[in-house]
Amino acid sequence: MLRPSRPSTERPQMLIIAVLLLLVGTVLLVLRWRGVTDSGAATASGLVSVGLGLLAGLATVVHVVAPYEVGVPTTLGKVGGTWQPGLHLKSPLTDVSTFSTRPVDLDLTGKDTVEVRSSEGGVLYADITVKWSVDPKHTQSLFKLAGDTDAVQKRLVYPDSREIVRNVFAKHTGVEGYSSEREAISTEIERLITARLAPRGILVNGVNLRNVKPSDSLQHAIDQKIQQDQATAQAEAAVRTAKAEAEKRKIESESTAAANTAIANSLTDKILMSQCIEAFKAAAEKNPVYASPCGTGGSPVIVDGTKR
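Okay, so the sequence shown: first residue is 1356 according to the working numbering, each after it adds one.
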């Protein structure tokens, strides 16, 4: 998380302590030097006081910015440039606010779960995590904009993220937000949050739409919609099957009719006469019958030789 800056009263207090220690030590050493006191303890106390005063004074003019942090100095209300990690000299009246550059997780879950409404007016509850960090190049402007380090998340990341989540879900139906378009919604939320916070010096490292839970009334409506969609899909499948069967029967009927027509066109009287004679010959070889091709209308007559 962002590391809070030290209270502005700490530096002046340290400076006052340093001055007092130096004064006490100097007085004790002067008294010993003028012979007002011959006590060795006074000399030792004076040296210790001077040493502590110098250390306390040094602490007011030196500041160390830790790794993965940046500092913003403020001197008598004037904001200075960004300090990178390392040792820096400063005025005793300079206060330094530090920002962590490590990614921070803003978890909008539990009591911070975002209540959203779909385009149909249904209520959903979205759990989302926004991973963000401070852009070191814009720490000075971010400090001026937020006011203090703790306010960055409270005043910028938190409210903007919640607003964007609500706006994105409002463009989708309840079913889309709950199931079919969750990935697209998460991508759109990340894009919009990034576009909103980047100009302010905040980098968005990722957005995770962890869970979307519909309200009880919306869940009932979603279940009904799913059942209706399933029934519609089954009815459409039945219609497609019936059409396919009818088309199949139509094709079979047309094929049979075409075959019959071809056969009828190819069977002339001579062909029929020839086929009948061949059939009678085959029958005569096995049975005492013979064929006479002089029947009525040219049809062969079968004569059974066993009967008189």
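There may be inaccurate statements among the hints.
With a straight-line cut-off of 25 Å between C-alpha atoms, the simulated DSS-like cross-links for lysine-lysine are [as the list claims (entries may be wrong)]:
#1 LYS1526 to LYS1445
#2 LYS1486 to LYS1433
#3 LYS1445 to LYS1466
#4 LYS1499 to LYS1486
#5 LYS1499 to LYS1445
#6 LYS1499 to LYS1433
#7 LYS1486 to LYS1568
#8 LYS1509 to LYS1499
#9 LYS1433 to LYS1445
If you're looking for bench data, these hints aren't it; they were derived computationally from the structure.
Evaluation of the provided hints:
no.: 1; hint: LYS1526 to LYS1445; verdict: violated, 52 Å
no.: 2; hint: LYS1486 to LYS1433; verdict: violated, 31 Å
no.: 3; hint: LYS1445 to LYS1466; verdict: violated, 43 Å
no.: 4; hint: LYS1499 to LYS1486; verdict: holds, 22 Å
no.: 5; hint: LYS1499 to LYS1445; verdict: holds, 20 Å
no.: 6; hint: LYS1499 to LYS1433; verdict: holds, 10 Å
no.: 7; hint: LYS1486 to LYS1568; verdict: holds, 22 Å
no.: 8; hint: LYS1509 to LYS1499; verdict: holds, 15 Å
no.: 9; hint: LYS1433 to LYS1445; verdict: holds, 13 Å
In this structure, the earlier hints numbered 1, 2 and 3 are contradicted, and the remaining ones agree with it.
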